[in-house]
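Novice: First to last, the sequence lines map onto chains A and B.
Anchor point for the first sequence: position 61 equals 61 in my numbering, and the numbering is continuous, going up by one each time.
Anchor point for the second sequence: position 129 equals 129 in my numbering, and the numbering is continuous, going up by one each time.
Take these hints with a grain of salt, some might be off.
[What the hints assert, rightly or not] Simulated pairs of lysine-lysine, DSSO-like, Cα-Cα distance not exceeding 30 angstroms:
{"no.": "1", "chain 1": "A", "residue 1": "27", "chain 2": "B", "residue 2": "104"}
{"no.": "2", "chain 1": "B", "residue 1": "114", "chain 2": "B", "residue 2": "126"}
{"no.": "3", "chain 1": "A", "residue 1": "35", "chain 2": "A", "residue 2": "116"}
{"no.": "4", "chain 1": "A", "residue 1": "35", "chain 2": "B", "residue 2": "132"}
{"no.": "5", "chain 1": "A", "residue 1": "35", "chain 2": "B", "residue 2": "113"}
{"no.": "6", "chain 1": "A", "residue 1": "19", "chain 2": "B", "residue 2": "67"}
{"no.": "7", "chain 1": "B", "residue 1": "63", "chain 2": "A", "residue 2": "15"}
{"no.": "8", "chain 1": "B", "residue 1": "20", "chain 2": "A", "residue 2": "19"}
{"no.": "9", "chain 1": "B", "residue 1": "114", "chain 2": "A", "residue 2": "8"}
{"no.": "10", "chain 1": "A", "residue 1": "15", "chain 2": "B", "residue 2": "113"}
{"no.": "11", "chain 1": "B", "residue 1": "114", "chain 2": "A", "residue 2": "27"}
{"no.": "12", "chain 1": "A", "residue 1": "27", "chain 2": "B", "residue 2": "132"}
{"no.": "13", "chain 1": "A", "residue 1": "44", "chain 2": "B", "residue 2": "114"}
{"no.": "14", "chain 1": "B", "residue 1": "114", "chain 2": "A", "residue 2": "71"}
{"no.": "15", "chain 1": "A", "residue 1": "116", "chain 2": "B", "residue 2": "114"}
[To be verified] For the chain A half of the interface with chain B, some residues (derived, Cβ under 10 angstroms), not all of them:
{"no.": "16", "residue": "8"}
{"no.": "17", "residue": "46"}
{"no.": "18", "residue": "87"}
{"no.": "19", "residue": "89"}
{"no.": "20", "residue": "113"}
{"no.": "21", "residue": "131"}
Worth flagging that the hints you see were computed from the coordinates, not collected in a lab.
C-beta: ideal position from N, C-alpha, C; glycine also.
Below are the chains, spelled out letter by letter.
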Amino acid sequence: MRTGMERKSQVSLTKTFEKGFQSVVTKVLLQMAAKVGNVLWLPKVSPPVSNARILLIGIEETSNSFEQGQKVVSYCSNNTPCFDTFYSGYMHSSSDPAAKNYTARIVSECLVEFVKQSGTQPKNVIVLKNGTVKCDLAFSNEL
Amino acid sequence: MSSVGRVGAPIHLIYMLLDKNSSQKFFLPKNPEVVNPMPGTLVNSEAVGKGFEFYLIAQQSRKGAVKPTFYRVIYSDSALEEGLLEELIFAQCFNYMNWLGSIKVPAVMQYAKKLGTLVGTQVQQKSVDDMKNQLYFI
Numbered sequence: 001m002r003t004g005m006e007r008k009s010q011v012s013l014t015k016t017f018e019k020g021f022q023s024v025v026t027k028v029l030l031q032m033a034a035k036v037g038n039v040l041w042l043p044k045v046s047p048p049v050s051n052a053r054i055l056l057i058g059i060e061e062t063s064n065s066f067e068q069g070q071k072v073v074s075y076c077s078n079n080t081p082c083f084d085t086f087y088s089g090y091m092h093s094s095s096d097p098a099a100k101n102y103t104a105r106i107v108s109e110c111l112v113e114f115v116k117q118s119g120t121q122p123k124n125v126i127v128l129k130n131g132t133v134k135c136d137l138a139f140s141n142e143l
Numbered sequence: 001m002s003s004v005g006r007v008g009a010p011i012h013l014i015y016m017l018l019d020k021n022s023s024q025k026f027f028l029p030k031n032p033e034v035v036n037p038m039p040g041t042l043v044n045s046e047a048v049g050k051g052f053e054f055y056l057i058a059q060q061s062r063k064g065a066v067k068p069t070f071y072r073v074i075y076s077d078s079a080l081e082e083g084l085l086e087e088l089i090f091a092q093c094f095n096y097m098n099w100l101g102s103i104k105v106p107a108v109m110q111y112a113k114k115l116g117t118l119v120g121t122q123v124q125q126k127s128v129d130d131m132k133n134q135l136y137f138i
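This is chain B alone, in the form it adopts within the complex:
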């Protein structure tokens, strides 16, 4: 990274962890009952800690209570404007080619998961370099 960074402007890094099995639940009061929050709901106060962390509901749930995804930034030297990171993550939840709507995590996470599952259950060999730019695993 440092060798590439030396060529031009410095590259900023944000390192985040996510938890898609968070036990937290959020509801939207709608008289006379409560319903699931809409996709795009961001919770970044009260239910979160002091650090840079937030819950994001990106997916539409038709059954039961929707599971929010928890994000925690553990390292950042970036000067991204507030809200841009959340906007990017939400937009990337729509970029998964296996599903027409939004999913609960950004597409790169779901692709990595899909590839890991394929390799962990079906393939026992090193990855082939000329296939690395194709979504052969979806």
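With the rest of the complex left out, here is chain A:
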């Protein structure tokens, strides 16, 4: 639900404050800065890696505490070849019909966003997934 009243916020536990100044800075300043779209740092990679124009997609399945036995499929990918910004999304495996064969749909969605944001298409797409499920087997059959 969108109300137009959304505000960026950051939760910090009292435990964090007990840890000292560095923890508070990490939790509050850095996370807030990242949330509003700042790039805090970029790991250096060799020219062959950056020239390979890689789209890296991570897919994770988490249990849904609202519906027993159902899963939340979440994904995240880089928007540019230099890995400075990210694209993410999720779907509920119970209500969303697209979630039945989600890998192909996620790859396609992330690919379109990469092209939109960076103005170039990737040379290589790397899909990373935690474990394996039936839908992966279906996807590998499609390949």
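On the provided structure of chain A, position chain B as indicated by the hints.
Specialist: Leaving out everything else, chain B in the frame of chain A:
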């Protein structure tokens, strides 16, 4: 994917699975005892199978034996040079904005996990399109 791929050059695909709860342990002999291997340790022979698979230790462990992350490529039509994939994965372990050092999996995996946990425990609605380019969940 095929519709985008038709516009320009072909796009190559690598599909990998990872296991962050692998039971394998690696140690580095350092007289007179053994210590945890340094972050960046890659094991791609002897302890792995015949396929394209490897263990990567990206994180620094200060307590107990470090848990390596296991990666297995199940499909690849890419001609990436040997070692580039491992280098990219290791570099991406430093790209997680919630932690100043390296984590055990690439940042995109940890972001996906964080988002999944938030949605699975707190949110019960469809994702909002204009927030998809922000790390609102970290």
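Novice: Take the C-alpha atoms of residue 63(B) and residue 15(A), compute the straight-line distance between them, and say whether it is at most 30 angstroms.
Specialist: 20 angstroms, holds
Novice: Is the Cα-Cα distance between residue 20(B) and residue 19(A) 30 angstroms or less?
Specialist: 28 angstroms, holds
Novice: Hinted pair, alpha-carbon criterion (30 angstroms max): residue 35(A), residue 132(B). Please report holds or violated.
Specialist: Given that 30 angstroms is the threshold and the Cα spacing comes to 12 angstroms, the pair holds.
Novice: Against the 30 angstroms threshold, does the CA-CA distance of residue 35(A) and residue 116(A) hold or violate the hint?
Specialist: Since the Cα atoms of residue 35(A) and residue 116(A) sit roughly 21 angstroms apart, the hinted pair holds (cutoff 30 angstroms).
Novice: Sort out whether residue 113(B) lies within 30 angstroms of residue 35(A), counting only the CA atoms.
Specialist: Holds, at about 16 angstroms.
Novice: Under the criterion that the straight-line Cα-Cα distance not exceed 30 angstroms, is the pair residue 116(A), residue 114(B) satisfied?
Specialist: 25 angstroms, holds
Novice: Take a quick look at whether residue 27(A) and residue 104(B) sit within 30 angstroms of each other, Cα to Cα.
Specialist: Roughly 19 angstroms between the alpha carbons, so the hint for residue 27(A) and residue 104(B) holds.
Novice: Holds or violated: residue 114(B) with residue 126(B), Cα cutoff 30 angstroms?
Specialist: 17 angstroms, holds
Novice: Please verify that hint: residue 113(A), Cβ, nearest Cβ of chain B, below 10 angstroms or not.
Specialist: 8 angstroms, holds
Novice: Need the status of pair residue 114(B), residue 71(A): alpha-carbon distance at most 30 angstroms?
Specialist: The hint holds at about 14 angstroms.
Novice: Need the status of pair residue 44(A), residue 114(B): alpha-carbon distance at most 30 angstroms?
Specialist: 24 angstroms, holds
Novice: Let me know if the C-beta of residue 8(A) comes in closer than 10 angstroms to any C-beta of chain B, holds or violated.
Specialist: Since the shortest Cβ distance to chain B is 8 angstroms, the answer is holds.
No hint from the list above goes unmet by this structure.
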